[in-house]
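Asks: Spelled out, the chains give:
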Amino acid sequence: MKRASLYHEQTARKRIASLVDPGSFTELLPPPERVVSPYLPLLDIPVSFDDGLVIGRATLGGKPVYLAAQVGQFVGGSVGEVHSAKLTGILKAAARDAIPCLLLVESGGVRLHEGSSGEIGISEAMRAVFECRAKGVPTIAVIGADIGAYGGMGILVTCCDFRIMTEHGRLGISGPIVIEKWMGKQAYDSSNRALVWKTSGGKTKYLLNDADVLTHDDSASVGAAIGELLSKSQPITLGGLKTRQQELEKRLGDFGKTSDPEEIWKAFGIADIGEASLASGPEFVALAKRKTP
Amino acid sequence: MEKFDKTFPSKSFSWPPDKEWAIAGVVGSGNLEVLFERNTESPNTMECHVESSIPGYEDSWLAALEDFAANYPAGGTKVTIHDQGAAPIVVTFRLRQAYDHLLQKIS
Numbered sequence: 025m026k027r028a029s030l031y032h033e034q035t036a037r038k039r040i041a042s043l044v045d046p047g048s049f050t051e052l053l054p055p056p057e058r059v060v061s062p063y064l065p066l067l068d069i070p071v072s073f074d075d076g077l078v079i080g081r082a083t084l085g086g087k088p089v090y091l092a093a094q095v096g097q098f099v100g101g102s103v104g105e106v107h108s109a110k111l112t113g114i115l116k117a118a119a120r121d122a123i124p125c126l127l128l129v130e131s132g133g134v135r136l137h138e139g140s141s142g143e144i145g146i147s148e149a150m151r152a153v154f155e156c157r158a159k160g161v162p163t164i165a166v167i168g169a170d171i172g173a174y175g176g177m178g179i180l181v182t183c184c185d186f187r188i189m190t191e192h193g194r195l196g197i198s199g200p201i202v203i204e205k206w207m208g209k210q211a212y213d214s215s216n217r218a219l220v221w222k223t224s225g226g227k228t229k230y231l232l233n234d235a236d237v238l239t240h241d242d243s244a245s246v247g248a249a250i251g252e253l254l255s256k257s258q259p260i261t262l263g264g265l266k267t268r269q270q271e272l273e274k275r276l277g278d279f280g281k282t283s284d285p286e287e288i289w290k291a292f293g294i295a296d297i298g299e300a301s302l303a304s305g306p307e308f309v310a311l312a313k314r315k316t317p
Numbered sequence: 002m003e004k005f006d007k008t009f010p011s012k013s014f015s016w017p018p019d020k021e022w023a024i025a026g027v028v029g030s031g032n033l034e035v036l037f038e039r040n041t042e043s044p045n046t047m048e049c050h051v052e053s054s055i056p057g058y059e060d061s062w063l064a065a066l067e068d069f070a071a072n073y074p075a076g077g078t079k080v081t082i083h084d085q086g087a088a089p090i091v092v093t094f095r096l097r098q099a100y101d102h103l104l105q106k107i108s
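Those sequence lines, one after another, are chains H and E.
The end of the first sequence is residue 317 by my numbering, with every number in the run present.
The end of the second sequence is residue 108 by my numbering, with every number in the run present.
There may be inaccurate statements among the hints.
Beta-carbon label-pair distances, calculated as ranges [stated by the list, open to error]:
id : chain 1 : residue 1 : chain 2 : residue 2 : range
1  : H       : His-137   : E       : Pro-17    : 49 to 57 Å
2  : H       : Lys-38    : E       : Ser-61    : 24 to 32 Å
3  : E       : Arg-97    : H       : Leu-265   : 52 to 60 Å
4  : E       : Glu-3     : H       : Thr-261   : 51 to 59 Å
5  : H       : Ser-48    : E       : Thr-93    : 45 to 53 Å
6  : E       : Pro-17    : H       : Lys-38    : 18 to 26 Å
7  : E       : Arg-97    : H       : Leu-30    : 17 to 25 Å
8  : E       : Met-2     : H       : Ser-147   : 27 to 35 Å
9  : H       : Leu-136   : E       : Leu-63    : 28 to 36 Å
10 : H       : Leu-265   : E       : Ser-30    : 41 to 49 Å
11 : H       : Gln-269   : E       : Glu-3     : 53 to 61 Å
Just so you know, these hints were derived from the structure itself, not from any lab.
If you're wondering where the values come from, they're calculated on a predicted model, not measured in any experiment.
All C-beta atoms, glycine included, are put in the ideal place defined by N, C-alpha and C.
Modelling step: build the complete structure from the supplied sequences, incorporating the hints.
Replies: Okay, here's the thing in structure tokens:
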């Protein structure tokens, strides 16, 4: 029996290869170009040929796409100056050519070793996301790896039109260890994986409408979910933003005092927490009664 | 950080016409990335450049690379390695993996 190729176990390059039409991927700034971090050698840290981001163009179901895939194993998928410049570049190319842009995210956020240039770089990338959105060019983030999307990347993915998550993906601003350091182990135990995933994992993010799709942890399912969204975009309107603000205020009212993420699950119709914890993404979707706005 | 270069004699590699480079592995703890590139100037040598975060293992590196150059026709290639503390067996495995990418045996 051929083992399904699990999305969260793959490397960035494998992820791209398993999602796009065979042989259609052309990498931009490929490894031989050696566009590497100018800062890491000063700190005695080895560089990577792609600075932790593989970008390029391909077709998916015959339709052209631009892609950026982060390498989570390289300095936590963090966004340094070169990494962010590549990310911004691919998003700007998408806006220019009116071709959808896919972000395969696996990042703890800004690369602290590169300080301000990483911070500035990630905000430039966010601006480029909005450039796409202003032109109605779809931006789709896939968050399906264990590192998830945190810090600046957590913010960036929420700027995109759509987010596809698997149960392995996590989405947040401050990571679990950071929260524990600030608030204490009593408030948030970062070594409690079940708690961490129930707070910021794909299932809870789907319930709260932060993720648009919760899919199986395999490339075929992720690819199918992308295919459904490729021709859609979410225009930013004042009315839409006001509605979103109201939703967030309601969420704060409903769950602001809740210290147990299971209460959120129950509020969305999950009767058996154990069953829902073991359920796959699509099974979980069937169990939950998500309130779509 | 430790950096070194060495060139080893190796039988000429017959490059597939549509390949210029191949990469395997990533720079992460206990891992490394290996890039093979075409070197048209020297068809009978494997030219190596290694950057490693762990100093003091140059002899082991050179032994692993020399073995590879002797065991496989890798002449006409330039090998660049970024290492973050990979064990010798992982080095050998990644070299072979990148080489297989060149031969298009694996995607």
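Asks: Given the hint of 24 to 32 Å, is the C-beta distance from Lys-38/H to Ser-61/E inside that range or not?
Replies: 29 Å, holds
Asks: Could you check the hint for me, namely that Pro-17/E and Lys-38/H are 18 to 26 Å apart, CB to CB?
Replies: 20 Å, holds
Asks: Can you tell me whether the CB distance of Arg-97/E to Leu-265/H sits inside 52 to 60 Å?
Replies: Because 54 Å falls inside the window, the suggested range holds.
Asks: Would you say the C-beta atoms of Leu-265/H and Ser-30/E sit inside 41 to 49 Å of each other?
Replies: 42 Å, holds
Asks: Can you let me know if the beta-carbon spacing of Gln-269/H and Glu-3/E is within 53 to 61 Å?
Replies: 54 Å, holds
Asks: Is the gap between the beta carbons of Glu-3/E and Thr-261/H within 51 to 59 Å?
Replies: 56 Å, holds
Asks: Quick check on a hinted range of 28 to 36 Å for Leu-136/H and Leu-63/E, using CB atoms only.
Replies: 35 Å, holds
Asks: Do Arg-97/E and Leu-30/H keep their Cβ atoms within the hinted range of 17 to 25 Å?
Replies: Once the Cβ atoms are compared, 24 Å apart, the range 17 to 25 Å for Leu-30/H and Arg-97/E holds.
Asks: For the range 49 to 57 Å, tell me whether the beta carbons of His-137/H and Pro-17/E fit it or not.
Replies: 38 Å Cβ-Cβ, so the 49 to 57 Å window is violated.
Asks: Could you tell me whether the CB distance from Ser-48/H to Thr-93/E stays inside 45 to 53 Å?
Replies: 32 Å, violated
Asks: Do the beta carbons of Met-2/E and Ser-147/H sit within 27 to 35 Å of each other?
Replies: At 31 Å between Cβs, range holds.
Hint compliance for this structure: hints 1 and 5 are not met, and every other hint is.
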